[in-house]
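6 protein chains.
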Amino acid sequence: MTKTIVSDGSLPNIPWEPRPAGSSDIVWRFSKNPVIPRHASPTADSIYNSAVVPFKGGFAGVFRCDDRARNMTLRVGKSRDGVNFEISDNRLEFHSEEPEIGKFLEGYDPRVVPLDGRYYVIWCNNYHGYTIGLGWTEDFEHFNQLENVFLPFNRNGVLFPRKIGGEYLMMSRPSYAGHTPFGDIFISHSKDLTYWGKHRHVMGPKKDGGLVNWQMTKIGAGPYPIETREGWLLFYHGVLTTCNGFTYSMGAALLDLEKPWQVRYRTRPYLLTPETLYENVGNTQNVLFPCAALTDSDSGRIALYYGAADTCTGMAFCQVDELLDYLKNNSDV
Amino acid sequence: MTKTIVSDGSLPNIPWEPRPAGSSDIVWRFSKNPVIPRHASPTADSIYNSAVVPFKGGFAGVFRCDDRARNMTLRVGKSRDGVNFEISDNRLEFHSEEPEIGKFLEGYDPRVVPLDGRYYVIWCNNYHGYTIGLGWTEDFEHFNQLENVFLPFNRNGVLFPRKIGGEYLMMSRPSYAGHTPFGDIFISHSKDLTYWGKHRHVMGPKKDGGLVNWQMTKIGAGPYPIETREGWLLFYHGVLTTCNGFTYSMGAALLDLEKPWQVRYRTRPYLLTPETLYENVGNTQNVLFPCAALTDSDSGRIALYYGAADTCTGMAFCQVDELLDYLKNNSDV
Amino acid sequence: MTKTIVSDGSLPNIPWEPRPAGSSDIVWRFSKNPVIPRHASPTADSIYNSAVVPFKGGFAGVFRCDDRARNMTLRVGKSRDGVNFEISDNRLEFHSEEPEIGKFLEGYDPRVVPLDGRYYVIWCNNYHGYTIGLGWTEDFEHFNQLENVFLPFNRNGVLFPRKIGGEYLMMSRPSYAGHTPFGDIFISHSKDLTYWGKHRHVMGPKKDGGLVNWQMTKIGAGPYPIETREGWLLFYHGVLTTCNGFTYSMGAALLDLEKPWQVRYRTRPYLLTPETLYENVGNTQNVLFPCAALTDSDSGRIALYYGAADTCTGMAFCQVDELLDYLKNNSDV
Amino acid sequence: MTKTIVSDGSLPNIPWEPRPAGSSDIVWRFSKNPVIPRHASPTADSIYNSAVVPFKGGFAGVFRCDDRARNMTLRVGKSRDGVNFEISDNRLEFHSEEPEIGKFLEGYDPRVVPLDGRYYVIWCNNYHGYTIGLGWTEDFEHFNQLENVFLPFNRNGVLFPRKIGGEYLMMSRPSYAGHTPFGDIFISHSKDLTYWGKHRHVMGPKKDGGLVNWQMTKIGAGPYPIETREGWLLFYHGVLTTCNGFTYSMGAALLDLEKPWQVRYRTRPYLLTPETLYENVGNTQNVLFPCAALTDSDSGRIALYYGAADTCTGMAFCQVDELLDYLKNNSDV
Amino acid sequence: MTKTIVSDGSLPNIPWEPRPAGSSDIVWRFSKNPVIPRHASPTADSIYNSAVVPFKGGFAGVFRCDDRARNMTLRVGKSRDGVNFEISDNRLEFHSEEPEIGKFLEGYDPRVVPLDGRYYVIWCNNYHGYTIGLGWTEDFEHFNQLENVFLPFNRNGVLFPRKIGGEYLMMSRPSYAGHTPFGDIFISHSKDLTYWGKHRHVMGPKKDGGLVNWQMTKIGAGPYPIETREGWLLFYHGVLTTCNGFTYSMGAALLDLEKPWQVRYRTRPYLLTPETLYENVGNTQNVLFPCAALTDSDSGRIALYYGAADTCTGMAFCQVDELLDYLKNNSDV
Amino acid sequence: MTKTIVSDGSLPNIPWEPRPAGSSDIVWRFSKNPVIPRHASPTADSIYNSAVVPFKGGFAGVFRCDDRARNMTLRVGKSRDGVNFEISDNRLEFHSEEPEIGKFLEGYDPRVVPLDGRYYVIWCNNYHGYTIGLGWTEDFEHFNQLENVFLPFNRNGVLFPRKIGGEYLMMSRPSYAGHTPFGDIFISHSKDLTYWGKHRHVMGPKKDGGLVNWQMTKIGAGPYPIETREGWLLFYHGVLTTCNGFTYSMGAALLDLEKPWQVRYRTRPYLLTPETLYENVGNTQNVLFPCAALTDSDSGRIALYYGAADTCTGMAFCQVDELLDYLKNNSDV
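Which chain is which? The protein sequence lines are V, D, L, P, C and E, in order. Under our numbering, read the first sequence as residues 53 to 385, first letter to last. Under our numbering, read the second sequence as residues 53 to 385, first letter to last. Under our numbering, read the third sequence as residues 53 to 385, first letter to last. Under our numbering, read the fourth sequence as residues 53 to 385, first letter to last. Under our numbering, read the fifth sequence as residues 53 to 385, first letter to last. Under our numbering, read the sixth sequence as residues 53 to 385, first letter to last.
I should point out that these hints are in silico values taken from the structure, not numbers from a laboratory. Among the hints, erroneous ones may be present.
Note: identical chains are not told apart, hence a pair may lie in one copy or across any two.
Claimed, not checked - Straight-line alpha carbon distances no greater than 27 Å define the calculated DSS-like cross-link-like pairs of lysine-lysine that follow:
no., residue 1, residue 2
1, K215, K55
2, K311, K380
3, K258, K380
4, K259, K155
Construct all of the structure, not just a fragment, from the sequences and the given hints.
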């Protein structure tokens with residue numbers, strides 16, 4: 053039988069837990085959540101919105117660890133099973149020969165994308181305003197910093213895991229200096245990861261004639277897109293503004309394989325919304341923010357990592373075929 | 053002995069639980085709260101701010117059910133005992149012959165009022181802005197929509213359960229396009245439920261020379277008013293703005309029987325404020341929002357339904373005579 | 053030849069000045085502007101946004117006169133020629149037997165509509181918030197106040213000059229407590245001028261996919277609609293928000309004769325925008341706000357009165373057939 | 053051996069609990085938290101942000117008790133052990149012969165400072181805006197009110213526990229009418245506690261080139277400063293603004309003994325941040341607000357009282373020498 | 053006959069121009085306005101909101117001169133006739149031995165008050181926020197700086213021209229970091245001009261049940277109070293907020309001689325409002341801001357200096373007895 | 053003698069008027085201002101913020117013409133003398149083969165830069181938010197559109213008139229969706245005008261420890277930089293926020309020739325600020341916005357074009373050597 057997931061191949065040791073009995077949810081939470089508690093490192097205030105990839109038979113990742121000054125830092129974490137992580141007590145440092153961009157001040161909401169034999173790290177960097185930082189590692193020990201991708205203000209940069217039409221593609225969400233009340237996803241192109249252009253609008257918050265919905269304030273790309281036979285499967289977050297603040301939930305979209313700024317399907321309902329104590333209570337209540345997904349093309353399993361309440365890290369699971377069916381049947385582009 | 057409650061008569065099967073030992077609270081929570089959890093229907097994100105009435109020996113109601121897109125819908129629910137409800141998995145639809153108003157887009161914060169042999173449904177409707185929708189049913193299966201009561205922007209429409217001076221009376225709270233930072237209660241008159249006029253101001257937030265209090269930002273009518281020998285007993289919500297958002301609590305007022313825009317008493321303290329985990333944590337923290345009250349004139353019992361944290365539904369109880377005594381002794385009009 | 057203007061008949065003494073040589077403007081300013089300067093009454097700070105009708109062979113009107121405390125009052129003004137006005141030094145008072153609404157606190161932006169042998173006055177009244185006040189006079193000396201038309205918050209109430217389908221029709225613009233950044237025009241119905249219902253949306257600001265235009269923030273009805281053979285001709289104001297405040301310009305629309313909430317044409321360009329010193333400088337810079345129009349069905353002449361810079365009153369002229377042609381050829385509904 | 057703490061002397065019955073096994077925290081929470089629950093008095097909505105001092109072999113204090121109208125009142129509390137408190141059911145009243153300042157309307161966030169044989173009470177008072185109220189008691193039964201210290205708007209007034217250079221010193225944080233988004237600490241001088249001058253800036257929020265940190269929005273003094281051999285030890289709160297509101301954490305600074313507006317050290321990391329359910333959930337989520345500290349110069353023990361979530365009162369402990377070491381090694385002035 | 057003006061005595065060379073023919077205004081503008089144009093000094097962007105006193109047979113003053121960087125500086129100006137001024141091209145510098153307050157960064161809206169043989173200068177100073185600076189000169193060449201009067205944020209400090217009850221009195225208007233939307237006048241006491249206390253509320257903006265008026269947003273003291281037989285005559289500015297910004301007008305109040313925080317009369321109408329081109333157009337449109345008054349007790353003449361449009365300086369005149377009559381007959385405390 | 057201006061060579065017919073007698077201003081206004089009035093084209097509401105270059109012995113340009121719907125369009129204008137312009141009555145259209153970017157919706161604040169034999173047009177374009185549009189023409193009749201330079205939100209894109217280090221350089225000012233209250237100038241690099249990277253921060257608003265100054269809110273590049281022997285001479289606008297809105301003035305900076313993100317000098321005072329009636333009054337009061345400069349290397353003359361009050365176009369003149377001297381002597385980087 054043809055496999056649905058094209059990218060990244062077999063991952064027999066993908067973390068996994070079957071859907072709970074009695075549940076009909078398409079995406080379900082891990083019973084051991086939060087898998088990474090806020091003090092997994094004693095120097096950490098919180099560990100969340102983080103990126104995990106398979107690495108040397110186990111797993112490695114770049115984690116957003118706010119330290120006890122609440123400075124936003126990136127740190128390396130490693131795991132044998134993808135569930136129990138050892139998080140470094142020290143912040144990750146990038147090497148760069150360009151002195152101006154080499155001032156690595158803040159890092160948050162990282163993604164890690166394997167491509168061309170490297171692990172590219174994309175994060176929200178501070179260069180006279182928040183913008184998209186870009187670097188790479190081969191060993192999760194030495195990290196090299198490239199030029200910042202865009203001008204400020206920008207967030208949620210996510211690189212596609214392969215070139216399309218001979219060019220690199222980067223999703224991002226143009227933004228504002230503070231807690232931004234708007235946000236659309238765009239795709240930009242590059243031949244060399246330094247110069248970017250041909251910006252294309254992908255999708256924005258769902259306006260729906262003013263009807264309240266979970267993704268009406270802003271949206272942003274989550275894990276790097278998963279290539280399937282039917283298109284790029286993108287998990288993304290959407291934000292609703294209540295009278296007491298923002299609520300971050302997760303949905304999914306299916307993007308055209310060749311022109312991924314063309315959205316084929318997009319979930320009208322959310323897939324997950326904050327409703328456990330560790331998602332509703334913490335540094336920022338009511339935040340569920342996905343940043344990484346592991347896939348096993350053999351079984352069609354997907355394991356998601358998401359930040360909970362800007363405090364800790366949870367996991368959730370789904371089956372790719374079930375998800376694609378649901379997406380097609382509950383879509384509203 | 054003369055009964056205090058005039059309206060609605062005997063309801064021997066009113067849901068009830070006595071005051072907990074050791075408590076001196078005038079209104080006390082049900083120990084089984086939340087009686088309706090957020091996923092009582094599998095297609096619901098949350099069920100709250102809802103209206104229940106006695107119906108055919110049991111109970112029926114119209115519920116605010118945000119679905120998993122967080123669209124705000126109304127649904128029918130039924131119950132034998134007033135505590136365990138079966139909530140429809142589908143949204144309630146209204147029938148209307150006027151094409152323009154028949155576009156029923158959103159419904160939230162419903163009230164149900166028995167009057168003239170019908171069950172009138174009043175809700176927050178979206179017609180180029182939020183305003184007061186009006187409809188009716190006789191069987192909780194077929195619902196007819198009438199003309200919208202007011203121009204936008206308005207919320208918390210509550211019909212009186214009988215005509216006064218030959219006219220229908222509707223309470224409402226003129227409002228704003230978004231999360232409104234003000235709100236007074238008015239009463240409007242109608243001879244036919246279509247044309248409304250003679251608008252009278254009832255009461256506003258308590259300014260108190262700028263002193264902080266639980267009802268200083270805005271207020272809104274809750275369940276339809278209970279006719280007592282001493283006046284219309286109105287439960288209402290009041291809102292306080294903290295540095296981290298709105299807090300919704302519940303108080304009560306006694307309105308003049310003939311000119312109900314004249315407030316005779318009004319609780320200076322709240323009767324209930326969010327202090328349980330299901331009221332403090334959820335879709336919107338710190339919300340306790342009453343929408344329905346059952347009464348038994350024989351026993352003087354009152355059973356209240358209220359939305360908790362914009363997520364689930366709780367119940368609370370009180371005795372009408374105790375409440376009226378408290379209201380008179382703790383009033384500050 | 054058939055006359056275009058249906059309502060109000062002949063007015064041979066309509067104020068008039070032909071289009072200046074070399075101009076191709078559809079609506080042109082009076083060379084004697086501002087016809088009513090700010091201190092036309094020594095007790096006035098400013099006289100603007102005012103309503104004029106033919107009266108006993110001359111002209112009479114209700115004027116917004118802010119006094120030297122900047123309290124917003126209404127005053128009577130009279131004129132032989134429609135250009136030179138004598139403005140009363142004292143505020144107009146309404147008589148009402150209903151004590152609560154009889155507290156006439158503030159009045160601004162009046163319109164005067166002849167109907168059923170009376171002159172109805174509609175203004176922005178303050179009853180626990182700004183709403184639409186309604187009264188009438190037969191002699192411009194005694195004024196009677198009726199019930200307020202709507203709940204707060206509302207502005208720019210304009211009555212149609214005849215019943216349609218046996219009912220009175222009132223335009224209005226639901227609003228906010230302060231300087232409102234939004235505003236759509238609605239029509240409401242009444243059989244008796246006391247009870248109002250059947251609210252219909254007419255039109256809103258022009259969103260145009262976010263493109264900047266002169267009417268993108270809010271709009272509001274100006275003079276009472278002029279009945280023509282092709283529909284109700286409505287002059288209205290539209291507001292643009294610059295980085296330094298609001299700019300009020302004037303456009304026109306043609307509404308269906310029977311269902312006037314259906315807009316047949318609407319000017320994409322403005323007809324007049326503030327560009328003279330008396331429109332650009334004053335109490336509020338960059339305001340041009342029409343409130344009254346005189347028509348002569350014989351000549352097709354229209355004479356407009358408009359407030360300038362919230363300070364004084366100007367006039368402008370047009371020919372109905374030219375205007376309708378322009379409207380049809382420059383429309384964007 | 054020389055004792056580090058200079059002020060207040062021995063307090064052998066200081067409340068105390070050793071650091072939990074396995075913890076390396078410099079300041080640790082009491083396992084019996086919250087020691088004062090919100091309903092410790094049946095007339096209280098909440099009890100927090102309060103001041104405790106040793107008194108007659110036990111402990112006494114002035115507590116912020118919001119009543120069930122959410123009015124902000126002060127009340128007296130007493131305790132034998134510093135942990136179990138009896139809170140008065142009635143609000144504390146001040147005596148004053150100056151009629152205008154004698155209108156004691158609101159009281160919140162009190163501090164109590166022993167000085168010259170009296171217990172001075174400093175609180176946030178309402179005199180045409182929030183400012184610093186000042187009074188004193190000798191017996192915690194009769195309270196005398198002095199002149200307000202400053203003009204509005206001001207908060208977090210904290211008196212030094214002895215004169216310096218022959219003058220009283222008062223810290224305060226100039227503020228705004230509402231929920232203020234800024235705030236620096238100043239020191240002012242007085243010879244007589246009535247007239248104040250020679251205002252000196254101490255420190256402000258940490259700007260850090262725009263880097264996010266726990267004290268970036270505003271700061272305010274907590275308990276009255278503890279005199280040590282190395283300087284005045286000041287616990288203070290700092291505020292971070294998230295997309296869902298303010299987060300209040302606690303840090304410490306060491307001020308020069310003679311010129312305490314000169315900051316010698318200041319913790320770059322926080323010492324405590326809200327992370328328990330009673331700190332994260334309540335009337336205002338994510339608030340940890342210290343107002344009092346007991347010290348025992350013999351053992352070097354410090355016991356802190358802090359408000360949690362604007363709802364209840366918790367305690368925490370530390371050792372002065374450990375704290376000073378940490379402060380010096382983790383300082384960023 | 054008894055003279056009405058008590059303070060400052062004869063000033064036969066007071067600048068003066070009689071009321072224009074046909075005018076009934078109580079305060080009238082000088083026909084030579086603006087007497088000080090914006091470029092009276094070639095290094096000035098603008099000269100306004102300034103203070104003039106009689107000096108050595110002529111006149112001297114401290115002027116707000118924004119330079120061409122728009123930095124707010126103070127400069128000395130001198131005049132023989134009080135109308136034609138020579139403005140220094142350089143900023144005034146204060147001498148102070150206290151190094152911290154000696155950093156004179158910004159100065160605006162100065163007042164000059166003769167008292168005890170000195171000329172005290174009060175201005176809006178910047179010491180970690182805007183507050184009230186205080187200094188003095190005897191010769192308008194050397195200026196000495198005293199301690200700042202209050203903590204930030206404060207503006208419009210005005211010293212009384214003699215001690216009352218043995219104490220100095222200072223008016224001020226507590227304020228905010230930016231363009232403040234509120235403001236009341238207070239009086240504070242001092243024995244030595246260094247330490248200040250006994251703060252008393254004088255008056256605030258006129259709320260008037262929400263009615264629009266010229267002084268509804270904020271108010272602030274203007275020239276130093278003029279002692280008359282009937283009380284302290286205070287000219288002050290009041291601010292109205294339109295949809296396009298603030299409008300500053302001028303009114304007057306009569307304060308009790310012994311307890312000047314008790315307001316005996318206060319003009320309900322304004323006395324002057326911006327209505328000339330030099331008041332309506334400039335750096336900030338619609339600003340008329342009085343800072344100084346000359347008086348001649350023999351003739352009862354008062355000559356006012358006011359800033360116009362934050363750009364230049366105008367003068368206006370009135371007769372004290374006419375003004376007091378008007379004040380009493382048009383008062384609304 | 054060596055010429056100071058390197059770029060663009062001789063322009064003997066540069067528009068010119070000598071400095072007025074008695075003036076010492078470095079930059080002076082043209083006595084015929086506004087050279088292009090708002091209705092120079094009968095279909096224009098206003099003509100301002102526009103770009104002029106020498107073309108075929110005369111002058112051509114791209115003008116911001118808001119039409120009478122206040123839509124923001126670009127139009128071509130031509131002139132023999134650089135002073136009297138013929139402005140097209142129709143909007144300029146771009147040709148593009150990429151369908152998505154070819155939707156040319158809005159255009160404002162254009163610059164025109166001669167480079168490589170083409171005239172490049174850079175403007176503020178609307179592609180799901182305002183960003184930098186790029187196109188070119190050779191004949192001012194046919195215009196070709198290239199890819200948008202950056203993601204939204206961005207404004208004030210200005211191309212350097214030659215490559216540096218083999219790369220094109222573009223200045224821009226990252227921005228916000230609305231009237232942005234911040235703004236820094238950056239430089240980005242490109243090898244092909246399609247892909248852009250290596251973003252460098254040039255300079256931001258002048259913070260100056262919070263001192264008020266003319267460029268404290270935001271800044272943006274004006275005409276394309278003029279190459280001089282001492283560096284790139286950049287005219288730019290700076291914005292000050294008053295209580296009644298933004299004020300736009302003009303200053304200048306000298307950038308390093310090889311690394312133009314290094315600022316060598318920057319005027320502390322403004323060079324021009326709005327102070328004529330055509331700059332202070334109009335569509336947006338108090339705006340002076342330079343977009344183009346002509347230079348004659350022989351005479352050192354510079355002629356500037358600037359938008360006035362978002363309404364019309366003015367000119368000003370200076371001598372390059374005088375300006376550079378002034379810049380060096382009045383600089384504050």
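Can you give me the call for K258 and K380, within, between, both or neither, at a CA distance of at most 27 Å? Within. Shortest intra-copy distance 17 Å satisfies the 27 Å Cα cut-off; inter-copy 35 Å does not.
What label fits K311 with K380 when the C-alpha limit is 27 Å: within, between, both, or neither? The answer is within: 19 Å in one copy meets 27 Å, while 42 Å across copies does not.
For K259 and K155, with the copy left unspecified, which applies at a CA distance of at most 27 Å: within, between, both, or neither? between (39 Å within a copy, 17 Å between copies)
Please sort K215 with K55 into within, between, both or neither, judging by C-alpha distance up to 27 Å. within (21 Å within a copy, 51 Å between copies)
In this structure, every one of the numbered hints holds.
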